[in-house]
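J.: Sequence:
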Amino acid sequence: MEVVLQPVVSELVKRLFKILESSEVKDFARQLVGGVDSEIKDLKDKLRLIGNLLGKMEDMQLSDDSLKIWFDNLQHWAYDAEDLLDEFAYEALRHKRKAEHQASSSRRFSSLPASFSSPLFAVQMGSKIKKINSRLEKLRQQRSAEHEFQKLPGLPPTDVAAPQKPGETSSLPLGQVYGRNEDETELLKMVKSGTNFQVIAVVGMGGIGKTTIARAVFNHKELEDFKFEKKAWVCVSSTTTFDVLNISKALLEKFSSSVSNNLDKVQRNLEDEVRGKKFVIVLDDIWMVEYDEWEKLMSPFTDGAPGSVMIVTTRDADVARKIRCAHTYRLRPLSNQACESLFKEHAFGTGAAAVPNQISDSIYKRVVERCGGLPLAARTLGSLLRFKPSDTWDNILESKIWRTSNESDHVLPALKLSYYYLPSNLKRCFGYCSIFPQDYEFEEKELALLWIAEGIVQPSEKQLDEAMVEIH
Numbered sequence: 001m002e003v004v005l006q007p008v009v010s011e012l013v014k015r016l017f018k019i020l021e022s023s024e025v026k027d028f029a030r031q032l033v034g035g036v037d038s039e040i041k042d043l044k045d046k047l048r049l050i051g052n053l054l055g056k057m058e059d060m061q062l063s064d065d066s067l068k069i070w071f072d073n074l075q076h077w078a079y080d081a082e083d084l085l086d087e088f089a090y091e092a093l094r095h096k097r098k099a100e101h102q103a104s105s106s107r108r109f110s111s112l113p114a115s116f117s118s119p120l121f122a123v124q125m126g127s128k129i130k131k132i133n134s135r136l137e138k139l140r141q142q143r144s145a146e147h148e149f150q151k152l153p154g155l156p157p158t159d160v161a162a163p164q165k166p167g168e169t170s171s172l173p174l175g176q177v178y179g180r181n182e183d184e185t186e187l188l189k190m191v192k193s194g195t196n197f198q199v200i201a202v203v204g205m206g207g208i209g210k211t212t213i214a215r216a217v218f219n220h221k222e223l224e225d226f227k228f229e230k231k232a233w234v235c236v237s238s239t240t241t242f243d244v245l246n247i248s249k250a251l252l253e254k255f256s257s258s259v260s261n262n263l264d265k266v267q268r269n270l271e272d273e274v275r276g277k278k279f280v281i282v283l284d285d286i287w288m289v290e291y292d293e294w295e296k297l298m299s300p301f302t303d304g305a306p307g308s309v310m311i312v313t314t315r316d317a318d319v320a321r322k323i324r325c326a327h328t329y330r331l332r333p334l335s336n337q338a339c340e341s342l343f344k345e346h347a348f349g350t351g352a353a354a355v356p357n358q359i360s361d362s363i364y365k366r367v368v369e370r371c372g373g374l375p376l377a378a379r380t381l382g383s384l385l386r387f388k389p390s391d392t393w394d395n396i397l398e399s400k401i402w403r404t405s406n407e408s409d410h411v412l413p414a415l416k417l418s419y420y421y422l423p424s425n426l427k428r429c430f431g432y433c434s435i436f437p438q439d440y441e442f443e444e445k446e447l448a449l450l451w452i453a454e455g456i457v458q459p460s461e462k463q464l465d466e467a468m469v470e471i472h
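Taking the numbering used here, the leading residue of the sequence shown gets 1, the next gets one more, and so forth.
Derived from the structure by calculation, the hints contain no laboratory data.
Some hints could be false.
Straight-line C-alpha distance at most 25 angstroms; calculated SDA-like pairs for lysine to any residue [what the hints assert, rightly or not]:
#1 Lys26 with Ser127
#2 Lys26 with Leu93
#3 Lys98 with His76
#4 Lys322 with Gln337
#5 Lys365 with Arg386
#6 Lys44 with Lys138
#7 Lys192 with Leu223
#8 Lys14 with Ala448
#9 Lys189 with Lys138
#10 Lys46 with Ser134
#11 Lys68 with Leu93
#12 Lys189 with Gln176
Generate the whole structure from the sequences, applying the supplied hints.
T.: In structure tokens, the structure reads:
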């Protein structure tokens with residue numbers, strides 16, 4: 001979650017400013033005793049300093065552990081401050097409405113203070129705001145040397161949206177495939193070589209193109225000659241469980257409109273659907289599996305016609321060993337030439353700010369190095385740089401993000417970079433989605449209402465439409 005701390009805190013600070021700048025809050029504070037107005041003004045001054053500081057720290061949480069802790073503490077403070085100011089704003093609005101009601105119902109009350117409140121409330125509120133101010137001042141002092149932040153290189157400001165993050169995979173082709181002709185040929189040979197039902201595993205690291213090559217084989221014209229009677233594509237994509245029932249149901253849904261919630265009935269129906277028929281099935285993105293569970297999943301397919309095949313994609317070679325597949329094909333990174341071609345396709349498409357002849361050979365070389373032969377990195381980086389003029393490409397390619405990845409992170413630097421180039425308001429929308437379990441399916445309207453309820457977006461803001469586009 002550390003990756004979303006900075007935008008969350010920045011948006012919280014903006015919300016606190018919005019509350020403090022409301023006319024109801026300012027008028028109410030001026031009429032209260034106990035120094036509330038001066039504490040409110042002090043809070044605004046400190047927030048302004050914190051806001052300026054945050055603007056200079058866009059990229060620093062990537063490499064500074066102490067700063068991650070500071071952001072976390074500031075976030076906790078911001079939530080407490082938001083609760084307190086919401087209470088204050090509610091009381092201010094309540095008194096304003098009460099005064100308006102009194103004024104409209106009787107002229108006798110027109111001489112009373114418009115927002116009269118008990119001295120006890122003023123004293124208590126003044127004390128609470130003073131404590132909030134004190135906590136913020138301690139946090140500010142920890143990071144008060146602004147010149148230190150100005151010396152450190154960060155990402156240039158931007159309003160460019162990142163490339164779309166794919167959800168569940170599809171069997172439909174997604175444009176040209178670069179540098180995979182040999183892989184495609186070898187996998188087709190494996191598919192054709194089977195006399196009985198066989199399982200083929202495609203193994204490779206994340207972002208290397210396992211789904212792409214499986215999709216290419218699944219849709220290849222040569223398979224038409226094999227006359228597969230049943231075809232199915234199911235994205236498994238779970239890092240925590242291998243759910244036999246859900247996978248079986250997803251497969252049955254490809255062949256039948258009637259699907260039960262009972263495992264025995266589902267698998268018997270699957271068996272009936274494929275018995276004596278030639279089929280090709282892709283199970284995409286398997287993270288983990290136990291042998292017993294795999295055997296249970298495979299039980300309906302033993303009566304398929306000769307030549308039936310199942311293709312499995314996985315990052316883990318241990319998965320291929322556990323399922324005892326007939327063939328294991330390890331996918332390797334793209335060649336430099338293929339990687340550069342894929343990058344160019346996405347960097348110079350519609351809406352590109354730069355043109356190919358503006359980019360030097362040294363920049364292309366660095367692009368290839370940054371992508372490391374991973375198609376996902378090439379597409380993501382190309383989509384990001386497409387909106388940038390050529391003179392800003394150097395800054396992006398030299399970002400510290402490329403030097404902060406580690407094996408336990410599992411997030412490609414190119415994907416991190418695309419996240420950091422989201423506008424801060426959309427970062428918070430994106431970060432909010434992390435509260436859902438992996439592979440959780442939600443409706444757009446449901447998510448939008450949750451954003452509104454949390455105060456992340458306002459119903460009338462253009463921001464809501466922008467955020468929904470990004471989540472697609």
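J.: For each hint, tell me whether it holds in the structure or not.
T.: These are the hints, each one checked on the structure:
no. : hint               : in the structure
1   : Lys26 with Ser127  : holds (17 angstroms)
2   : Lys26 with Leu93   : holds (11 angstroms)
3   : Lys98 with His76   : violated (33 angstroms)
4   : Lys322 with Gln337 : violated (35 angstroms)
5   : Lys365 with Arg386 : holds (17 angstroms)
6   : Lys44 with Lys138  : holds (15 angstroms)
7   : Lys192 with Leu223 : holds (9 angstroms)
8   : Lys14 with Ala448  : holds (20 angstroms)
9   : Lys189 with Lys138 : violated (67 angstroms)
10  : Lys46 with Ser134  : holds (10 angstroms)
11  : Lys68 with Leu93   : violated (37 angstroms)
12  : Lys189 with Gln176 : holds (21 angstroms)
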